[in-house]
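> Below, each chain spelled out in residue letters.
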Amino acid sequence: MTKLVYVVKKNIQHELMIHLGLAIVLCLLVPLVFSLNDLDQYMVSLPLETIVILTGVVILVPLFLPEQDKAVFDVMYTKQTPPLYVNIVRSVYSILSLLLIPAVFLLAMHLLHSDVRMVHYLGTVSSALFLGGLGSLTFAVSNNVAVSYMVPVIWYVMCMGAGKHLKMFDVMMMSHGKIEPKSLQLIIGLVLLAAAVIFKSSRKIRYC
Amino acid sequence: MFLKECRRIIFSITFILFAAVMLLDYWSQYGTALSTVTEEPKAGEGDYWTYGTISDVDTDEVMQAAVQNLIVEYQQGNYTSYPFGYYKEVRLNDSKKAEMVNILNTLTGYDADELLHTTFNITQYGIDEGGNEVEVLPENGVELPVVSEQVTYDEFLLIMHQADDLIGGGSSYSESSIERLSERSVNYEEALNVYQTFLEEGIAPGLARLLCDYLCIFASLFPAFIAVAVWYRDKTAKMRDILWVKRSSSMKTVFARYGAIVGLCTLVIMLIALVTAILITRLYAGESVKTAAFFKYTIIWVVPSIMASTAIGAFFTEATDTPAGILVMLVYWFLDFNSGSLMITGLKTFTTLIPRHNSQFMAAEFQTMYQNFLTNRVFFAAASLVLMLLTAMIFERKRRGRWLRFDKISLRRKKEHPA
Numbered sequence: 000m001t002k003l004v005y006v007v008k009k010n011i012q013h014e015l016m017i018h019l020g021l022a023i024v025l026c027l028l029v030p031l032v033f034s035l036n037d038l039d040q041y042m043v044s045l046p047l048e049t050i051v052i053l054t055g056v057v058i059l060v061p062l063f064l065p066e067q068d069k070a071v072f073d074v075m076y077t078k079q080t081p082p083l084y085v086n087i088v089r090s091v092y093s094i095l096s097l098l099l100i101p102a103v104f105l106l107a108m109h110l111l112h113s114d115v116r117m118v119h120y121l122g123t124v125s126s127a128l129f130l131g132g133l134g135s136l137t138f139a140v141s142n143n144v145a146v147s148y149m150v151p152v153i154w155y156v157m158c159m160g161a162g163k164h165l166k167m168f169d170v171m172m173m174s175h176g177k178i179e180p181k182s183l184q185l186i187i188g189l190v191l192l193a194a195a196v197i198f199k200s201s202r203k204i205r206y207c
Numbered sequence: 000m001f002l003k004e005c006r007r008i009i010f011s012i013t014f015i016l017f018a019a020v021m022l023l024d025y026w027s028q029y030g031t032a033l034s035t036v037t038e039e040p041k042a043g044e045g046d047y048w049t050y051g052t053i054s055d056v057d058t059d060e061v062m063q064a065a066v067q068n069l070i071v072e073y074q075q076g077n078y079t080s081y082p083f084g085y086y087k088e089v090r091l092n093d094s095k096k097a098e099m100v101n102i103l104n105t106l107t108g109y110d111a112d113e114l115l116h117t118t119f120n121i122t123q124y125g126i127d128e129g130g131n132e133v134e135v136l137p138e139n140g141v142e143l144p145v146v147s148e149q150v151t152y153d154e155f156l157l158i159m160h161q162a163d164d165l166i167g168g169g170s171s172y173s174e175s176s177i178e179r180l181s182e183r184s185v186n187y188e189e190a191l192n193v194y195q196t197f198l199e200e201g202i203a204p205g206l207a208r209l210l211c212d213y214l215c216i217f218a219s220l221f222p223a224f225i226a227v228a229v230w231y232r233d234k235t236a237k238m239r240d241i242l243w244v245k246r247s248s249s250m251k252t253v254f255a256r257y258g259a260i261v262g263l264c265t266l267v268i269m270l271i272a273l274v275t276a277i278l279i280t281r282l283y284a285g286e287s288v289k290t291a292a293f294f295k296y297t298i299i300w301v302v303p304s305i306m307a308s309t310a311i312g313a314f315f316t317e318a319t320d321t322p323a324g325i326l327v328m329l330v331y332w333f334l335d336f337n338s339g340s341l342m343i344t345g346l347k348t349f350t351t352l353i354p355r356h357n358s359q360f361m362a363a364e365f366q367t368m369y370q371n372f373l374t375n376r377v378f379f380a381a382a383s384l385v386l387m388l389l390t391a392m393i394f395e396r397k398r399r400g401r402w403l404r405f406d407k408i409s410l411r412r413k414k415e416h417p418a
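Line by line, the protein sequences are chains A and B. Using numbering that gives the first Met the number 0, the first residue of the first sequence is number 0, and each one after it goes up by one. Using numbering that gives the first Met the number 0, the first residue of the second sequence is number 0, and each one after it goes up by one.
Hints listed in this document are in silico derivations from the structure and should not be mistaken for laboratory results. Keep in mind it's a predicted model, so treat the numbers as computed, not measured. Just to be clear, a hint being listed does not mean it is correct.
[To be verified] Derived DSS-like pairs: lysine-lysine, alpha-carbon spacing no greater than 30 Å straight-line: (1) A:LYS69 / B:LYS95; (2) B:LYS234 / A:LYS69; (3) B:LYS251 / B:LYS234; (4) A:LYS9 / B:LYS234.
Based on the provided sequences and hints, a complete structural model is requested.
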């Protein structure tokens, strides 16, 4: 238990706070671009799918960023605590923050008399996890931070321009008129994240 | 050194992804222009929007329409705007409300109370029993004063500019919105003229502008990722130890890398321009096609955006030792692209990174903005070089150990032990 508390505390203190802060700043920028009050269920989707889903990229992609520092890598992969344990802990609190941010955001929209529904919440979390999972798996495999941001961003801009052709994988599905919880994106997002954690936690992995 | 960097970048995943995105964008957006010959407009087609618009609607009508809209929004208490291409409702605070009353007073002669409580003869939209949108004209409505009797058109434009400023920009009273109010689709004869100009210009210039419009969108974003990957690798792969002790000057090292990224990204764009030139020449066989336009426009239009994107990525990575350049570039690109997304042609502001011209026609409109366009492109090219000079200075300071360190060890150094 002490170990768990220590790992959570240190990781939140050194890593999550920065990225969580950036995700919150991103959400605070939304009112500059969009109206949040008196929106119907279709208009509610726009700010969520245009900006709020990007919190998934901001929080999940840098999951393994500390190990980019050779010193941190050496310590982490030689300690008795398995890297898998640390990475699972990181994933859990990152997912929790991804559940929390859209919830607070939607609550604010609800208080501003917008037609917020449960499906908006599920759709936002699913797409955030999908984009984040895509980025974190890219990070785990390539160990290249720029590529890891690039892949979900490419997917995002593809959805902006040609989302309807991507069908169930369109992260802007609700803005394109299909109000659904995007269960497939949720499942695939979690699978991608799990694959990234398992791959990155292998002791055989080398620093490159 | 330049060639070494080129070799390193050309096989990197970021560059390969960049090239793939550009090709995908080219194929999906420009495919129609490559396979369909632009035909002469036919009489009686009815709609010639694709050939452009002309700004010659009666200015009195424009003023009347804009003021009607402003009164409706004032009475409702909220104003619709699209500051970044997305719908936004703006409510004014008391001081701004008072300023808006002054504006309406100048335009109509009515005071605040009268403006709020008078039912004007203004067509509004409602929903009938069948759920269809219908036009509704209020009964016994008061006729709106003729705006042109209160102010001249030039004064009106100035006043509308003030109203737009009060709302925060992107409203129905912005310069481009007022311009749209005065526009109508060209008629058959005018469409024929537009088509003749397209041919006389040599076909390629019009198509090249359309090509650059598409290419510039992603060429303004993704080079930043390549720059971040290259500069961030200094930190992760411990390249600094080698780089910092080399004889090569900081300026040379930084600009060799910068040149390699910009050069290779430009190469991708130029290859696309070359393929387009060949395909268009074949498509318009027998016509005079000035293919050089594809290369000319690509260089002056797209390259400054590539330079700016790369410089932003490099500068922020060098200065912070983090991939912050990606976030900065993404936010800049998002705001820039979306604020210009409602425009067919033009520059939203002087600092517009992505100039728009989403048509192979409208040569006259492009010529009108050409000087501004050139100034904008020169500005971006110059600003990028300045940013790279700053990057080289930071690199030099780091070499000498005179720069803030953002890495884990120095940031997380615990307090000194009392012992």
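> Determine for every hint whether it applies to the structure shown.
Quick rundown of the hints versus the structure:
For the suggested pair LYS69 of chain A and LYS95 of chain B, the alpha carbons sit about 56 Å apart, so the restraint of at most 30 Å is broken. Simply put, LYS234 of chain B and LYS69 of chain A have alpha-carbon atoms about 9 Å apart, close enough for the 30 Å limit, and the pair holds. For a cut-off of 30 Å, the pair hint linking LYS251 of chain B to LYS234 of chain B stands: about 19 Å separates their Cα positions. Taking the CA atoms of LYS9 of chain A and LYS234 of chain B, the gap is near 23 Å; set against the 30 Å cutoff, the hint holds.
Against the hints set out earlier in the document, a violation occurs for number 1 only.
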